[in-house]
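*Asks:* Assemble the whole structure, with the sequences as input and the hints as a guide.
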Amino acid sequence: MNILKLLRKLKVRRHEFPANAEGYEIIFSGSGGQGIILGGRIFAEAASIYDNKEAIMTKSYGPEARGGASRAEVIISSAKIDYPKVRRADVLLAMTQQALDAYGNMLDENGLLVVDEILIKDVPRRFKNVFKAPFSALASKLLDNPIVLNIIALGSLAAITRAVSREALIRAALDHVPRKVLVLNRIAVDMGFKVVEDSGFKWVRVQKK
Amino acid sequence: MNILKLLRKLKVRRHEFPANAEGYEIIFSGSGGQGIILGGRIFAEAASIYDNKEAIMTKSYGPEARGGASRAEVIISSAKIDYPKVRRADVLLAMTQQALDAYGNMLDENGLLVVDEILIKDVPRRFKNVFKAPFSALASKLLDNPIVLNIIALGSLAAITRAVSREALIRAALDHVPRKVLVLNRIAVDMGFKVVEDSGFKWVRVQKK
Amino acid sequence: MLANTEKNVKFIQGNQACVEAALAAGVCFYAGYPITPSSEIAEILSERLPRIGGKFLQMEDEIASMGAILGASLTGLKAMTATSGPGFSLKQELIGFACLCEIQCVIVNVQRGGPSTGLPTSPAQGDVMQARWGTHGDHPIIVLCPSSVREMYDLTVYAINLSESLRNPVILLSDEIVAHMYEKIELPEARDLKLLERPRPRKDPGEKYLPYYTSHPAEVPRIANFGEGFRFNVTGLIHDTDGFPTNSPEKTEALLSRLHKKIDSRLEEICLVEAEEMEDASIVLCSYGATARSCACAVKEARRRGIKAGLLTLKTLWPFGDFIFERLNPRVKTVIVCEMNLGQIVREVERASRGRFEVSGINISRGTLITPEEIIKKIEGLIRN
Amino acid sequence: MLANTEKNVKFIQGNQACVEAALAAGVCFYAGYPITPSSEIAEILSERLPRIGGKFLQMEDEIASMGAILGASLTGLKAMTATSGPGFSLKQELIGFACLCEIQCVIVNVQRGGPSTGLPTSPAQGDVMQARWGTHGDHPIIVLCPSSVREMYDLTVYAINLSESLRNPVILLSDEIVAHMYEKIELPEARDLKLLERPRPRKDPGEKYLPYYTSHPAEVPRIANFGEGFRFNVTGLIHDTDGFPTNSPEKTEALLSRLHKKIDSRLEEICLVEAEEMEDASIVLCSYGATARSCACAVKEARRRGIKAGLLTLKTLWPFGDFIFERLNPRVKTVIVCEMNLGQIVREVERASRGRFEVSGINISRGTLITPEEIIKKIEGLIRN
Amino acid sequence: MKALSEIKQYLRLDKFPHIWCSGCGHGIILQSFIRAVLDLEVDRDKLVVVSGIGCSSRAVGYLDFDTLHTAHGRSVAFATGIKMAKPEFTVVALVGDGDVSAIGGNHLIHAARRNIDITVVVFNNYNYGMTGGQNSPTTPIDDCTSTTQYGNMEKPFDICVLAEAAGATYVSRSTTYHAVGLPKLIADGIAHHGFSLIEVITGCPTYYGRMNKMDNGVKMLEWQRDHAINLKQYQTLSEEEKKGKFVIGLIHLAEETEYTDEYLKIIKKAQSPTS
Amino acid sequence: MKALSEIKQYLRLDKFPHIWCSGCGHGIILQSFIRAVLDLEVDRDKLVVVSGIGCSSRAVGYLDFDTLHTAHGRSVAFATGIKMAKPEFTVVALVGDGDVSAIGGNHLIHAARRNIDITVVVFNNYNYGMTGGQNSPTTPIDDCTSTTQYGNMEKPFDICVLAEAAGATYVSRSTTYHAVGLPKLIADGIAHHGFSLIEVITGCPTYYGRMNKMDNGVKMLEWQRDHAINLKQYQTLSEEEKKGKFVIGLIHLAEETEYTDEYLKIIKKAQSPTS
Amino acid sequence: MVQLKDTPKQKRPVDITVNERWCKKCGICAAFCPQGVFVLDDFGMPIIKYPEKCVKCMLCVVRCPELAVEVKDTDEKKGK
Amino acid sequence: MVQLKDTPKQKRPVDITVNERWCKKCGICAAFCPQGVFVLDDFGMPIIKYPEKCVKCMLCVVRCPELAVEVKDTDEKKGK
Ligand SMILES: Cc1ncc(C[n+]2csc(CCOP(=O)(O)OP(=O)(O)O)c2C)c(N)n1
Ligand SMILES: Cc1ncc(C[n+]2csc(CCOP(=O)(O)OP(=O)(O)O)c2C)c(N)n1
Ligand code: SF4
Ligand code: SF4
Ligand code: SF4
Ligand code: SF4
Ligand code: SF4
Ligand code: SF4
Ligand SMILES: [Mg+2]
Ligand SMILES: [Mg+2]
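Residue numbers (our numbering), protein chains in the order written: chain A, 1 to 209; chain B, 1 to 209; chain C, 1 to 385; chain D, 1 to 385; chain E, 1 to 275; chain F, 1 to 275; chain G, 1 to 80; chain H, 1 to 80.
Keep in mind that the hints are not guaranteed to be accurate.
Computed cross-link-like contacts, DSS-like style, restricted to lysine-lysine with a CA-CA straight-line distance of at most 27 Å [unchecked claim]: (1) D:K315 - D:K377; (2) D:K315 - A:K85; (3) D:K377 - A:K85; (4) H:K25 - A:K121; (5) E:K2 - G:K72; (6) D:K308 - A:K85; (7) E:K8 - D:K203; (8) D:K261 - D:K315; (9) D:K300 - A:K80; (10) C:K261 - C:K300; (11) B:K208 - C:K333; (12) D:K262 - C:K378; (13) C:K377 - D:K261; (14) E:K155 - F:K269; (15) C:K333 - B:K85; (16) A:K80 - D:K7.
Simulated from the structure, these hints should not be mistaken for laboratory data.
*Replies:* Right under this line is the structure:
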């Protein structure tokens, strides 16, 4: 299969010049109740407040906000960020099939795709770098709390990309959760890291053209 | 008394060029219930529809429309009328003291002032050409209908100025009154003419500067 | 003498001329809320409409009035409303709805002194920019402005025609002077009026009816009336050609651009302007509405004084006819825009001038007509410098 | 690393920055009606205001919200409201009231796609002209436009200061991107903010209090607050210096001209603009709000490609700073106005240009941000021709 | 009964004579309102009187308090803001039937719902006087107005019933004919802690009156005299006799929590350390 | 009971699944409404369904009739225009509690006053779902919403009482739990010749529910089951037991002249030679 | 109440005034005075013809739309 | 009514279907079915586990917010 052809069909706009070349462009996507937007915010906040980088987050949603796909776009960079939207994502976190279908084409061809392997059944072959983990099951079965699936995923994202430090992520996450689940969330971050370590998954970032 | 001084005090704007020179600029003024606006309209309509001249009427009133002074401005001309407002009146019909006080200064120094001698007690001496008649008393006492005071006044105005013909005035007046008072109104017009004839009053119009 | 009465010549006020025109052009639905100086339109229609089986509704406010005429229009009736400044402000939201959903209607705004309650019984021309930009978001609009009782009639008919044929709200922007001024007017026979009707669906109701589809981008969509069996959807959300909401950037762009092209592609046809003494004019007065009458008077006087003055009276204020000013004789040195506001159309003329001629304004807002004297003074002042 | 947390650095969205600024600047009264994408302002204030003893009111609609903040402002409180397009249209009538009666208040309009219900969750900049001209009649207005979370904070403070000191409504015209965008911001200490207060009567209540009197025509009147014993009148009718209605043409003219001079005489002080890479620029991007971010990106890229591009970011949209364009370096050949609408500020730049430079627009309204690529394409296209 | 000279101390005398027509009932209500304020000894510097647009709404211009002449229909919204900002103020709205029940109907019912301590005095003359006598939501069926020349076909509101249904906790009605008792009804409304509405039937001889065979103030008062009836008497009438009659006096009274009080509780809650 | 396949003939199937959240009650009302239309055998080409803005108002997009999705709060004003223009049409407004009782409250009471033959179905989920769960004029006291985080302090409207006071001649209430009987109540409203209002209590699990311990559709229906009660039963309860309960079923019915009928009489009068 | 002295109404005459600048001649004072104290002149202006009949019911005062009628005890007036 | 035959419910089995494309797994059908016909799978999707228990009360049909549940007589279905 000719990847280029595929790309064209999917109307990936090719960039004429690189922007935020040194930084990360990450899309967090899923459905309303999964805490995806909050996840993006924690990730960006970790980078910006605790790792002292530049970060920006924007959200996109239709009038069908409450049911359909929701997405957060995060840019992390060492330099000032002008254009606030992700143009070609380095990383895509997709927590529902619908989200993957909707935003898959925003991922750079060498980009990293992170998906929930239980919720997403069909990952098109064109994605080169895919990290799958059963985040939802880990949350509900192991941690007995489906709500923390997003936090586990953040841990994994951080582990693979190193876009934020583990400490920063933990601190940012803990800023956003009620006191009684602090420990739970801390564990969730660690679990995200652990999953990556255990899998031995590696992703070598290629500079976007 | 120095008329010029008076004029200045009263802030009469002196015109720099004559407008509607060939026509008549007439102000009909009084208080709400007196049918003054309707009077102006009948007069203008007589000229325009039945005498086939050009005529225009505008009204002025404050937010205090319902109680205070009301005024109709009528221009009658043989040529097209551009500017629709009266700038310096040739004729002023005033049916209340308040109206005379408010609009007296719009009358040209050689203009004609027509007043109800019962309702208006104080006619400043600067007015050169004043026709006084007891229109209100004529209407209520002789015709037993206070409402026709405006029609009587129109008759007198027509008689003095010849701005409209008697026939045109009668037809226009009759267009605007209920069937049962047609005769009354006809008589009222005639009475207006008669009053002027009986008085022997004459007004020679001087071209406005 | 009798000729006049036979020929249906009337001595009426502008507001009544508007009513006569509306009825002659087939308006059979009115909803409104009283406000000076527009109320006579409602009052006369409340008496006349039932006579012809038409509907007159006095609603609880101006917003409701606007909603009611749009509802009526969607069922196929020619509908209108009339108001003045404060009510016009309230109608803005639904004017935008009408623009986006392409619902024909005529809104008469008899301008009075503003802002706010302002001077309710005095004339002004302060709502010109609002008529163009008063509702949120990009939208197309047509605004016509009469300067006599005759024009109040003619432009009402024109407004109804434009609105019906282009499926766009049209605003008749009058003012207290023209609305309350009585002039002689010969009313045409209804059968002599050229009336335009709304574009109708080409086919009977069937499977795939696309109410907002057009075959080329400046066309007017053939939207059915409610009750004809097409069973379509109308929404104030951005919609696809099928009438249902869409978020697609491409479709959004296509819709908004079609809406604007509908008007812009017909610019020269829509833009009415009257030129007087323009052949050799070097100084041009540009005006509209009641103020144009002062200008006409001033131009005559200026000519009498040997000044080469000309007059452009705009009947269509929006879309703005840039082309009128692009095509001005190069002899024209100065255009003086004369309006009863603190500077509205003068900005457009400045823009359209692109530095090709001087633009100056007589912008007075005080509740009375600008006088010919004031205009002459300005002209002479400009000549002196 | 700890530095940030000590310095009160927050990672918050634009809407929250607006709230933080409002509270820091002393706003203690909010009335509003929910609407996307502004609702977070209300939601956060509904939680924060009671904590400081302030008042939060959710009213029955936007008109009522506007009425409520004006009432509160008249008692001396700093008051604000927030809304988006449809609600902004509804507020227009009372915005005019506030302008005429000189009642300070801040109105936040977080722009979304229009017209009508439009694209409720997408960004747009389609209300720029409406913000200037949306209410009937001539009126003065100030409109500020932030392009980052930081500016959302700073311009909210500025809006409150301008409104209080000039007794004029100020509109903070944001957009969905800036309002919902999260960025890092260091919140200043409240005591470090320079706050301006409303001019107060010079004397205690006495016989002849003239609330709308000023000693020179550009001054701000010293209007008392209700409840202080001055017992004065406020009306939306044209009024005399004593606050009571008048029909006098002279007084009308004086009042309207003073209202406008209040703003116009401070034009350069009110008009904030940011210039980047302008020293040697021959092609200038002019933008505001979120779109300015795309332009900043494009200017960098253009420079990288050897194009002498510059950037003017307008923070104050109204009053429009003609002077900015009058003083442009003659080297500037073209100004490209970049905005998420079908052509609004570009008209002003055209007007201000007077033919001195070319004006071109990137005017796209489709619910998404204009991209740097589109801008570069336009620039290169212009250079090629 | 207070002497007129005392009343006059609360008037802006230089604005008199007022703009209302001869025989217009609005001036009667104006006087009654001042009497109510006087009788209650309201602090005149903490009394804000708000109105909308209409002949009736011009009342505020004659009253020597802090006065606010807002836009058409919006008085109650402004009043809500003022009362919320300064719960210690006495806030009264003087409004017309058109102002408060046509364009302003929504603000009325919502303020009533909230039971905010505002007093609304409705000058109900059954038409829009200011704009030339068009029908209003209170115009009786079959009556003629400038826009109902064939007779009014719209059922009118009973403003009192509506206010009560919406949540008002003090509702009463009177007429300008009953000017002796009117100050007490208004005073009771002002004194009541919660949303109060007093509907006063008043005459517009210039429009509504003229078009319905009552072309002067005397006839309007006579009509009021002949059609108003107090509740006790009303209850003794047969259904037939009740037709065309309306009840005056106290219509509804209830004690409920007041809005600004409740808001103070919210503030307390928000400021409490546990929150 | 009609089979779902029949219902589906009145749906715009290509628009499904609809946009509402899982467990949202709006879909239940949608089905009931179609059942009412089917049962009445309304001419589907002469039925216009109007709505405002809100999650509930999106209902019209799924109905295969002439449908009109107006601006927030304005549905009843549009409906009035349509009904006046074409009295032979059946006109129904499907609206949210926010839409019709907050911003649209005035149009509601005026249409009720006129007794114009429009049927309004209120999807009352006690909050503004579409904009993220802020309180509405119907939110019960003390409940939490996005803008009443300390508990709601505003007294809610009883929409049925308000509509009746304003002049509505058919008023009833039900819930989505009582979906079996709901079509009949709606059908009765449509069949009634005059202004009809049917209030349907429905669940917004995403916002109102989540913030008030009912975070799914099942819990919302359970709440409705436990709090709704029919009039007969209600009357047998003690005052204490009545608290928190609300009555469902027919609330008010009256025969009065209808607006468009009356207007036809005006037309006749105007066209009669004596006029 | 206790002090009921022999002061029949006409003995303590009242001072009734009409502010002519404010009066708009609506005739209400005259129409509803239970004692017929007022008559209207040719122009409709109320004339206080029978002040001695006045019972100080104050109806004319509270119903005058122009706040133009004043009824005072004569001595009260003197006091000023 | 007259035709009351010996057709006990389980004898004329009904056909219950859930439109999986529309269902949003709210669980209402299962929660309120008086007969416990439904059970929910791991993801919350209703499974028609005991169709034979169905009494055709139609509650699941009218209460499904997604219009996703259909209950028909089996023969009815065959007819199509
Ligand atoms: C938004 C708006 N719409 C309409 C008007 C015109 N208007 C002024 S007063 C009025 C009605 C007044 O009636 P009412 O409140 O009963 O007072 P009245 O004059 O009868 O005392 C109207 C419609 C306005 N000023 N503003
Ligand atoms: C003029 C205007 N103001 C505000 C809004 C934002 N808005 C959209 S829907 C809505 C409330 C919806 O609540 P409701 O009618 O109860 O419907 P629900 O979503 O709860 O079904 C609001 C405030 C708008 N679209 N237009
Ligand atoms: S028009 Fe009617 S309401 Fe207005 S002042 Fe005259 S009588 Fe009074
Ligand atoms: S937000 Fe609430 S009302 Fe809206 S669709 Fe979701 S559950 Fe339904
Ligand atoms: S009641 Fe008042 S206004 Fe009327 S006639 Fe008597 S004094 Fe004059
Ligand atoms: S006080 Fe009574 S009795 Fe005396 S004049 Fe007045 S109305 Fe007549
Ligand atoms: S009720 Fe409908 S949507 Fe809910 S689980 Fe059952 S089938 Fe699915
Ligand atoms: S019809 Fe009744 S018994 Fe049968 S499955 Fe549905 S709810 Fe259960
Ligand atoms: Mg009234
Ligand atoms: Mg709701």
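*Asks:* Next step is simple, just say for each hint if it's right about the structure.
*Replies:* Hint check results:
1. D:K315 - D:K377: Distance ~25 Å between K315 of chain D and K377 of chain D Cα, so the pair holds.
2. D:K315 - A:K85: holds, 21 Å
3. D:K377 - A:K85: Satisfied, since the Cα-Cα distance of roughly 19 Å is no more than 27 Å.
4. H:K25 - A:K121: Holds, at about 18 Å.
5. E:K2 - G:K72: Given pair K2 of chain E, K72 of chain G holds - Cα atoms ~10 Å apart, limit 27 Å.
6. D:K308 - A:K85: Answer holds: K308 of chain D to K85 of chain A is near 25 Å, not above 27 Å.
7. E:K8 - D:K203: Given that 27 Å is the threshold and the Cα spacing comes to 25 Å, the pair holds.
8. D:K261 - D:K315: holds, 21 Å
9. D:K300 - A:K80: Holds - the C-alpha atoms of K80 of chain A and K300 of chain D are around 12 Å apart, at most 27 Å.
10. C:K261 - C:K300: Judged against 27 Å, a Cα distance of about 39 Å means the pair is violated.
11. B:K208 - C:K333: Answer violated: K208 of chain B to K333 of chain C is near 35 Å, above 27 Å.
12. D:K262 - C:K378: Status holds; Cα separation ~25 Å.
13. C:K377 - D:K261: Cα-Cα ~24 Å, so holds.
14. E:K155 - F:K269: With a Cα-Cα distance of about 18 Å, the restraint between K155 of chain E and K269 of chain F holds, given a limit of 27 Å.
15. C:K333 - B:K85: Since the Cα atoms of K333 of chain C and K85 of chain B sit roughly 30 Å apart, the hinted pair is violated (cutoff 27 Å).
16. A:K80 - D:K7: holds, 20 Å
The structure fails to meet hints 10, 11, 15 from the earlier list, while all remaining hints are met.
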